[in-house]
Amino acid sequence: MNFTLTGLWAHMGPFAKGIVVVMALMSVISLVILVERALLFRMSRRQSRKFAARLGPLLAQGDFDAALDAKLDKDVGYLGRTIRAGLTAYRVSSDDTRDEVMESVARNLERQAQREVQSFKRGLGQLATVASTAPFVGLLGTTVGIVTAFQQMGEAGAGGIGTISTGISEALVTTAFGLLVAIPAVMGYNSLQGWVDARAVDLAESSNELLDGVARVLKRSRSVAT
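The sequence shown maps to residues 1 to 226 in this note's numbering.
Check the hints yourself; a few may be wrong.
DSS-like, lysine-lysine: derived pairs with alpha carbons at most 25 Å apart [stated by the list, open to error]:
#1 K50 <-> K74
#2 K71 <-> K50
#3 K121 <-> K74
#4 K50 <-> K121
Don't read these hints as lab results, they were simulated from the structure.
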């Protein structure tokens, strides 16, 4: 028997070939998710940094109306969308009491931040599923391969490595494929999830900074009014 990949594939049974095809599809799915999420995260972070550089001075000065009316690019990133949600709430509720304004801004910031985090997590569930199930799919192929090996032994009426080599090779190949699919998926999932967690912290810190700025502006406006 030829123990190259082509040789192993030629001697595989239909079930083992099906397992390999399933794991190949799982590998493609995980690769597509990894590439798409990585590109999206990179673009969104670049847009958010651009938004912060453009409107940071206005927000630091408390000029929220100018910040909200500023002409920006169509997509301002996760940070821009969250901050603009808070600024919109501030403008709409500017005639309310101080506590009502603060509560409205805080609610809108939290709501938009949650939307952004959920948007980042899109596809990570499928990636985690691939990472957790691929070894078991490979184990299923391993079990069937071992059963095939014993069937071959029984049909031949004798033992020996030559008799069971095909079944054992199927078992080893499916196990290897399961690990080759699972390991990159686990590493990719952990990396992307860490990025999402870091961005969630960024959004929380930026939201708190905006709330502090709103509190200072309201305090100044109320003192001037009195």
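To see whether the hints hold, each was checked on the structure:
Between K50 and K74 the alpha-carbon distance is near 12 Å, which keeps this suggested pair within the 25 Å criterion. Distance restraint check for K71 and K50: the Cα-Cα separation of roughly 13 Å lies within the 25 Å cut-off, and the hinted pair is therefore satisfied. Straight-line distance between C-alpha atoms of K121 and K74 comes to about 22 Å, which keeps the hinted pair within the 25 Å bound. For a cut-off of 25 Å, the pair hint linking K50 to K121 stands: about 23 Å separates their Cα positions.
Figure legend: structure checked against the earlier numbered hints; every hint is met.
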